[in-house]
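Q: Single-letter residue listing:
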Amino acid sequence: MNVTRPNRRRIDDIIGWSTAAVVVLGLVFLLLPLLVTSVMAFDERSFLGPMPPPGFSLHWFVRFFSQTYFLVGLRTSLLVAIVACSISLAAGAAAALFLDRTQFWGRGVVLATFLSPLVVPPVVIGFSLLLFLAQIGVTWGLGRLVVGHVIITLPYAIRTALASLAGIDRRLEEAALNLGATEARVLWTVTLPLIRTGLISGAIFAFAVSLDDVAVSSFLTDPTTYTLPVALVSSMRATFDLTIAAASVLLIGVTVVLMFILDKAVGFDRLIGRGMFGR
Amino acid sequence: MRTTRIWLLLILPSSLILLGGFLLPMLGLGEESFRLFTPGRVGAVAGAPLTLNNYLELATSGFLDFVVETLRISLIATLIGLLIGFPMAWWIARRLPRAGRAIAIGFLIAMVLLSVLVRTYALELTFGSVGLLRGVLRALDIAPNGRGYIECLVAAGLLHSVLPVTALTLLGTVQNLDHRLTDAAQSLGAPAWRAHLSVTVPLCMPGLLAAFLISFTFSISAFVIPMVLGKGRVLFLSNLIYTRFSEIADYPSGAAISVVMLAIALFFVVVVSNIAARQGRKA
Chain A
1092 MNVTRPNRRR IDDIIGWSTA AVVVLGLVFL LLPLLVTSVM AFDERSFLGP MPPPGFSLHW
1152 FVRFFSQTYF LVGLRTSLLV AIVACSISLA AGAAAALFLD RTQFWGRGVV LATFLSPLVV
1212 PPVVIGFSLL LFLAQIGVTW GLGRLVVGHV IITLPYAIRT ALASLAGIDR RLEEAALNLG
1272 ATEARVLWTV TLPLIRTGLI SGAIFAFAVS LDDVAVSSFL TDPTTYTLPV ALVSSMRATF
1332 DLTIAAASVL LIGVTVVLMF ILDKAVGFDR LIGRGMFGR
Chain B
216 MRTTRIWLLL ILPSSLILLG GFLLPMLGLG EESFRLFTPG RVGAVAGAPL TLNNYLELAT
276 SGFLDFVVET LRISLIATLI GLLIGFPMAW WIARRLPRAG RAIAIGFLIA MVLLSVLVRT
336 YALELTFGSV GLLRGVLRAL DIAPNGRGYI ECLVAAGLLH SVLPVTALTL LGTVQNLDHR
396 LTDAAQSLGA PAWRAHLSVT VPLCMPGLLA AFLISFTFSI SAFVIPMVLG KGRVLFLSNL
456 IYTRFSEIAD YPSGAAISVV MLAIALFFVV VVSNIAARQG RKA
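Here the protein sequences line up with chains A and B, keeping their order.
Just so we're on the same page, my numbering is the position in the first sequence counted from 1, plus 1091.
Just so we're on the same page, my numbering is the position in the second sequence counted from 1, plus 215.
Calculated directly from the structure, the hints in this document are not laboratory data.
Note that beta-carbon positions come from the ideal geometry of N, C-alpha and C, so glycine has one too.
Incorrect hints may have been included.
Computed spacing ranges between beta-carbons, pair by pair [claimed, not checked]: (1) A:1144 to B:396: 49 to 55 Å; (2) A:1200 to B:235: 15 to 21 Å; (3) B:253 to A:1200: 35 to 41 Å; (4) B:401 to A:1169: 50 to 56 Å.
Far from chain A, by Cβ distances over 10 Å, these chain B residues were calculated [unchecked claim]: (5) 239; (6) 251; (7) 271; (8) 279; (9) 283; (10) 339; (11) 352; (12) 355; (13) 400; (14) 424; (15) 450; (16) 481.
Some but not every residue of chain B turned toward chain A, in silico, with C-beta under 10 Å [what the hints assert, rightly or not]: (17) 237; (18) 253; (19) 299; (20) 306; (21) 323; (22) 326; (23) 338; (24) 346; (25) 349; (26) 364; (27) 365; (28) 436; (29) 452; (30) 456; (31) 459.
Let the sequences and hints guide you as you build the complete structure.
A: Quick look at the structure:
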């Protein structure tokens, strides 16, 4: 290197500053649209005008809640999310327990198969389900949606449960067994409480995935049974007004609530870990 | 013997769900893609003759353009995501104090959980025809409904989804990096940028590849983002499948596109995982 020392220092400075600039730019890109939407949702004008709004009012929120089209979708979304996530969590935790405690030939293949819905494009999952359910004669809208949502949430449930099972201290279970507890009792009073945080974070991620899905649900709705995201997308394409901004603020609120639960139950630091060389 | 049966009972529910809700439907989809479609009907008739037409039609029509467009825009969004996400992860892991770190991680997780509808709507509102850039666009004579700008918007939509995931994935990698190695390079006389380029980046390669794979497979299967932000001018493969289903009810053709799309997604998963495995062996 022929670069002299002060010169080299300057290159380092430039690189350092441009790195900081890139980080700030990324943060602005992530936050700015959300900020604009949150402000515009309170716009008092009755039409979509340019930023900034001349005054503030809640009338877009009133409009959102006065449209039965959205309310029906919201009810279906919550129902489907709760039912599908409960099924996924129960089935997923059981499967994870099996995969954690048994050794057999082809275990890797079984695990990969269970996680494979994650790599299949959701549209393909929705479309294949539509064809299959029509073939076997399932036309019940709610049932079809629940099946679709179980498929997309099950891998998350299995993965988080497996990760937390791998982290527990097996000696605690052995101690309980030695003291005379039955296997079922150990499962309920030792194992499940130990993986509680993993199950909660799995539940939150599964719930968010279910509540957000459009690609799978679009194929499985019928005229009276549709989810809120499907309703929002179709109204977004028809008329681009600020009712959706109000809905977006509500959905941001849902995310904040989920984050709050996640932080209280698990803690952000523990989700990522501090790393081998962490401070 | 009895315990084995109980253990098997544990995996039974998930297996049944996966079989009936995923594996059988996928097989059915493959079969449908080889059925002859009669225009005007909804899907193929039961027992319709087998044909390769649905695939041949894709090879001849402008289908390839849609494949290229999907891959191109996805690749751009993924690479920009890595270029911003990597410094972001490094900065959070190495520069922020503990309290700030927890807040930053919480923020990124919130951005992962954020609804894709909120993202697309917010981006359209902020950068679309009535957005903040209205004046800038007019001054530069860029039509907000022109094709080039719409492509940028779709890429921005993908980037908004991919960036927090990339940063979080790389955060794990950067944290497990022994920063003493970079320090050693610097104390031996390498300038910081060189130390990072020749020590930090190669050591983070497995994480970079993982982040690339996650972002890219997410992007090529995106549905809402190109549908809303693309305004019908930019169509991804997902949107094409949905159009075959909702507008002309040509299920066999939609199934053929699905099979092709699945093959593309799996191709990238296999290729990138292989590269990652080779990297791992070298390290």
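Q: Hints first: check each against the structure and report whether it holds.
A: Here's how the hints hold up against the structure:
no., hint, verdict
1, A:1144 to B:396: 49 to 55 Å, "52 Å, holds"
2, A:1200 to B:235: 15 to 21 Å, "19 Å, holds"
3, B:253 to A:1200: 35 to 41 Å, "40 Å, holds"
4, B:401 to A:1169: 50 to 56 Å, "54 Å, holds"
5, 239, "6 Å, violated"
6, 251, "15 Å, holds"
7, 271, "20 Å, holds"
8, 279, "18 Å, holds"
9, 283, "17 Å, holds"
10, 339, "7 Å, violated"
11, 352, "12 Å, holds"
12, 355, "17 Å, holds"
13, 400, "13 Å, holds"
14, 424, "15 Å, holds"
15, 450, "12 Å, holds"
16, 481, "7 Å, violated"
17, 237, "5 Å, holds"
18, 253, "17 Å, violated"
19, 299, "4 Å, holds"
20, 306, "5 Å, holds"
21, 323, "9 Å, holds"
22, 326, "6 Å, holds"
23, 338, "5 Å, holds"
24, 346, "7 Å, holds"
25, 349, "6 Å, holds"
26, 364, "16 Å, violated"
27, 365, "14 Å, violated"
28, 436, "3 Å, holds"
29, 452, "8 Å, holds"
30, 456, "5 Å, holds"
31, 459, "9 Å, holds"
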